[in-house]
Amino acid sequence: MSHMIKTRKSLTGRILVLITLVVIVTAWTIPTLGVFVTSFRDSKDIYSSGWWSVLPHKDFVKTAEFELPADTNPDAPIELEGVTADFADWREGIAVSENRTLRWYGNKRSRKIEVYEEKWIGFGANLTLQNYRDVLSGGTVDFVDGEGNTITRQGNDFADAVLNSIAVAIPATIIPILIAAFAAYAFAWMEFPGRKPLFIMVVALLVVPLQIALIPILRDYTRWGLNGTFVGMWLAHTGFGLPLAVYLLYNYISTLPRDIFESAYLDGATPFVTFVRLVLPLSIPALASFAIFQFLWVWNDYLVALVFLGDKNRVVTSALAAMIGEKGQDWHLLTSGAFLSMIIPLTVFFGLQRFFVRGLMAGSVKG
Amino acid sequence: MSQRIDSKWNRSVLVALVLLTFGVLVGGFAILQNMQSYKVFMTIFAVIWGLGSVALLYFVLNAVAESMPHKIRSTAVAVVFAGPAVVMLFWALVIPTLRSLRLSFADANGNGFVSFDNYKFAFTDPIMIESFRNNLLWMVFGTSFCIITGLLIAVLADKSKAEKIFKSLIFMPMAISFVGAGVIWKFMYAYKGEGINITEIGLLNAIVTAFGGEAQAWLLLPVWNNFLLIIIMVWLQTGYAMVILSSAIKGIPDEINEAARVDGANGLTIFFRITIPYIMPTIVTVTTTILIFSLKLFDIVRVMTGGNYGTNVMANEFYLRQFTYGNSGEASAIAIVLLVVIIPVLAYNLKQFRDRKVLK
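Residue numbers (the working numbering), protein chains in the order written: chain B, 37 to 403; chain X, 642 to 1001.
Since the hints were made in silico from the structure, they are not lab data. Errors might be hidden in some of the hints.
[What the hints assert, rightly or not] Simulated crosslink set (EDC-like; lysine to aspartate or glutamate; CA at most 16 Å straight-line):
#1 X:LYS680 - B:ASP193
#2 B:LYS148 - B:GLU134
#3 B:LYS80 - X:GLU841
#4 X:LYS712 - B:GLU227
#5 X:LYS680 - B:ASP196
#6 X:LYS833 - B:GLU134
#7 B:LYS144 - B:ASP107
#8 B:LYS155 - B:ASP95
#9 X:LYS833 - B:ASP181
Next up, chain B with everything else stripped away, as it sits in the complex:
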């Protein structure tokens, strides 16, 4: 039956759908592709041409340059290769033949003429890993800008930022999961005073904006000396991640069959042993899906890091944001930095996509 219906769909209809999809997906992918390609280009090339010029295409490229005789008067019309024009026009560039353009370079005194010829370019583009070396380095970095000047900058020490991000993200992923799993088990299978109102509180906290908590927690941290420390970041991310973690894990753990808890109890297992030996192993799908969720959230977080870490122990997002502010035009550093900040989350994401999607479905109310 369904096969018959499929064939009834017109061919043009299906092609239209396919074209629409390809257009949307292309539009979605091109921004990332641009940054990816740029991060491997030579710094000078980045300033002088768009990243798409690495694709093979026909274009005018500089093939030579020569100097005019010292007695050339730039204020009078100048004749070159059979064309006469004044300085302003030469400076704009004039096509002396179909695929040859001459262009005056710089001011009137330079007398330098650049020759551009139309050629197929883009095969074997000039690609390099230098940008990555520069952005990872903590020392000084030299590069060439669009005008050909050599610029020296302090490196961004991205290697250090990546380590900081790992030191923040791994514990800030596992600690809340552990705490939330214990709590979810208690809410699902134990009796204690205040169980229901406390769980309602968890549900309410799912949507509370974390801006509300930043200033008071910052005050605590100043008093306790936790500003700029990893411990402070773990605590904050644990607190902010808990409502969703407890909620998701509760949804899962409460559906485990009652029998297994009863037989464990009959075997004499304490709740702690039951939890460690039975509940945790059985909950691995739920734990994994939340872990990816939380990891991506912590790794990509900027607000919490900005407030509680400041310039100490900079994580990748802060390092990148600082680069945008300080070096907004150094595209070779920005793009390689951006790509470095994306590698780990993208790997986690594509590697464990199935789990992540499952986590999204269960908790489509992330606060």
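We have chain B; now place chain X onto it with these hints.
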């Protein structure tokens, strides 16, 4: 499986364990602070110590609870299980809400009572009015673009051969931070300025000039720049809407669609008469999630324009008030306004929760 029902811990062992845990916590913290210059070791140590401490804490607390008198033991164990999470939630979210409320009535330093002055600022200051307008743009356009595009892709890609590839590529930006996305899109909108022989390296300007238009400093164009920033959020969040909506669409029973086709309904009719009504609850959930999200949005604006050129939003102004101008009163008032705006959603969530009778 352990065979002990009454796992009575020896009292001195317990005391020793508690002291050990305390030592591990304090000592580890002290070591961590002195390891800043050996990043790799510090990172490894931080991971092991951080996780070890938490595991040890539960183990010891549980041991203490299990050694309680029989009458209160099961409650004590439950408290050990749920307690840390509840304490964390109170410390990180519940109490700060009350503290922020108090600060919102205090002066810039958090002392003294200034009545409703901070709220007067929050609702009348021109920069706040601009922020409200922009937040409204984000909520209306950002959310609807995300939902419509997400729905479009979910429906079109459904059952197509390359469905997985299409969806993964749309979904991919979900893994990218807003700051990373900021670099990506700043590069798209890049503008090199006026001058002779300038090649635009930003794709948007390259397209515009290729069609004979004039290159623009896009992020400086009032009102339009807001939409250019909103595009970034749409780019990041559409994947989320798509995944959830797509799974709802797959949940529609085949018989319904087939019956409609037999009755002669075409694709569009099926989409509007069957698909949409069937997945309406999911659309509502996704819409609220993205609405809340766009209300609190901060990173994109901060990284792209810093809130200048008419692009400010509430969450960014909150940050500026607290950390640039050092006025915790005004910042807290903004945070409270954010919370108040979200209360209807919160109430809706709670109602749903009660209706579903999740908690037995």
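Against the structure, the hints:
no.	hint	verdict
1	X:LYS680 - B:ASP193	holds, 12 Å
2	B:LYS148 - B:GLU134	violated, 22 Å
3	B:LYS80 - X:GLU841	holds, 14 Å
4	X:LYS712 - B:GLU227	holds, 13 Å
5	X:LYS680 - B:ASP196	holds, 7 Å
6	X:LYS833 - B:GLU134	violated, 28 Å
7	B:LYS144 - B:ASP107	holds, 12 Å
8	B:LYS155 - B:ASP95	holds, 6 Å
9	X:LYS833 - B:ASP181	holds, 13 Å
The earlier numbered hints that this structure contradicts are 2, 6.
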